[in-house]
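Enquirer: Fit chain B to the known structure of chain A by using the hints.
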Amino acid sequence: MKYSKTDRYPVCKSSELVDDTMMKVSIDMVDILVGRRNGKLFACDNSCPHKGASLSKGCFNGDRVVCYMHGYEYNVFTGKLENMKSWKKEDTWVEQDMEWRKSGDLILYSVSEEDGTVYVALK
Amino acid sequence: MTKGEVPNVVGLEVLKKNGVNVEKLKELITKGVGAEFTTYYYYTILRMHCTGLEGEGIKEIVEDARIEDRNHFEAMVPRLYELGGNLPKDIRKFADQAGCPDAYLPDNWEDINSILKVLLEAEQCAIRSWGEVCDMTAGKDHRTYDIAQKIMQEEIEHEAWFIELISKRPSGHFRRKFVGQSPHTGSQGGLIHL
Chain A
1 MKYSKTDRYP VCKSSELVDD TMMKVSIDMV DILVGRRNGK LFACDNSCPH KGASLSKGCF
61 NGDRVVCYMH GYEYNVFTGK LENMKSWKKE DTWVEQDMEW RKSGDLILYS VSEEDGTVYV
121 ALK
Chain B
1 MTKGEVPNVV GLEVLKKNGV NVEKLKELIT KGVGAEFTTY YYYTILRMHC TGLEGEGIKE
61 IVEDARIEDR NHFEAMVPRL YELGGNLPKD IRKFADQAGC PDAYLPDNWE DINSILKVLL
121 EAEQCAIRSW GEVCDMTAGK DHRTYDIAQK IMQEEIEHEA WFIELISKRP SGHFRRKFVG
181 QSPHTGSQGG LIHL
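Sequences listed follow chains A and B, in order. Residue numbers are given in the numbering used here: position 50 of the first sequence equals residue 50, and the series is strictly consecutive. Residue numbers are given in the numbering used here: position 143 of the second sequence equals residue 143, and the series is strictly consecutive.
Bound-form chain A, shown alone (with noise of 0.2 Å):
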């Protein structure tokens, strides 16, 4: 089945998305981070834009999906980038150079909720 970037379809059901929560799913090869934080959905890639972890194994920190291989915090309803967690965990350590920490922010999908289902646009 080919995928239009218009077209929404169908990824969960709503009872399968409860509050705070959020699970991976996957349109045509695309892996989808789809969760609700505060009762709000929320769908974007799964891939940490920093160096490309799967987001689904973080966790929350007030509407940020921490990303948990080196810590980068992303806003999930506007993506931006807002927590660059420093590598250094002792004052002795060296900061790592900005090449390597920079990040893009994470791109979001269109997400709905119609009739007890959850739909993703990849829009």
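Note that these hints are calculated values from the structure, not bench results. For clarity, every value in this text was computed on a predicted model and none was experimentally measured. We put the CB at the ideal spot given by N, CA and C, even for glycine. Check before you lean on any hint, since a few could be wrong.
[Stated by the list, open to error] Chain B is nowhere near these chain A residues, computed Cβ spacing over 12 Å in every case:
1. Y9
2. V18
3. D19
4. D20
5. D31
6. C48
7. A53
8. T78
9. D115
[As the list claims (entries may be wrong)] With a Cα cut of at most 16 Å, we get these calculated EDC-like pairs of lysine to aspartate or glutamate:
10. B:K117 - A:E95
11. B:K24 - A:D28
12. B:K24 - A:D97
13. B:K93 - A:D97
14. B:K24 - A:D31
15. B:K168 - B:E82
16. B:K16 - B:E82
17. B:K17 - A:D28
18. B:K140 - B:E13
19. A:K13 - A:E113
[Unchecked claim] Calculated Cβ distances over 12 Å to all of chain B for the following chain A residues:
20. C59
21. M69
22. L81
23. D91
24. D105
25. S112
26. E113
Expert: Relative to chain A, chain B alone:
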């Protein structure tokens, strides 16, 4: 067939039919081998600073991890090219895109525990990095999975070594038969330090 034209690659065709996002997989592998290569470089510096009574005691174990991380690079890079990927032409770009931070020598390197903590951090990042590749390929891309899980096994052993050295928890580990033995990835033909 003209020069440079690549015929249908069945090894790729089956991956796509199995639902593997090959572009994403190549990206993750490039980041993973980038981390192995930079780690090999930085471990060289860390090893050089394992001096004194305590430092000399861990120098050989750091050397095992150093050489085995290079073996991981050697084991996985051929697979990257089989998948149609390639290493960045510029090593600066290669290092910047690596999946794990540079294992810099800490300012207080005379304290051997500070070096051990950096080593542990590097190994733990590598476990997460190869875990991503294993998760993406399990049951779908048997060849990549086979190599990645072997690398994972050695990274987990490295983590155990450094945790044991830091925490003094009981250890099942003794020593490699020779430096950088790579008991798991050695079969990939990447051993160049015999």
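Enquirer: State for each hint whether it applies.
Expert: Structure-based check of each hint:
no. : hint           : result
1   : Y9             : holds, 16 Å
2   : V18            : holds, 24 Å
3   : D19            : holds, 26 Å
4   : D20            : holds, 23 Å
5   : D31            : violated, 7 Å
6   : C48            : violated, 10 Å
7   : A53            : violated, 6 Å
8   : T78            : holds, 24 Å
9   : D115           : holds, 28 Å
10  : B:K117 - A:E95 : holds, 15 Å
11  : B:K24 - A:D28  : holds, 13 Å
12  : B:K24 - A:D97  : violated, 24 Å
13  : B:K93 - A:D97  : holds, 12 Å
14  : B:K24 - A:D31  : holds, 10 Å
15  : B:K168 - B:E82 : violated, 43 Å
16  : B:K16 - B:E82  : holds, 14 Å
17  : B:K17 - A:D28  : holds, 12 Å
18  : B:K140 - B:E13 : holds, 12 Å
19  : A:K13 - A:E113 : holds, 9 Å
20  : C59            : holds, 14 Å
21  : M69            : violated, 5 Å
22  : L81            : holds, 17 Å
23  : D91            : violated, 8 Å
24  : D105           : holds, 18 Å
25  : S112           : holds, 25 Å
26  : E113           : holds, 26 Å
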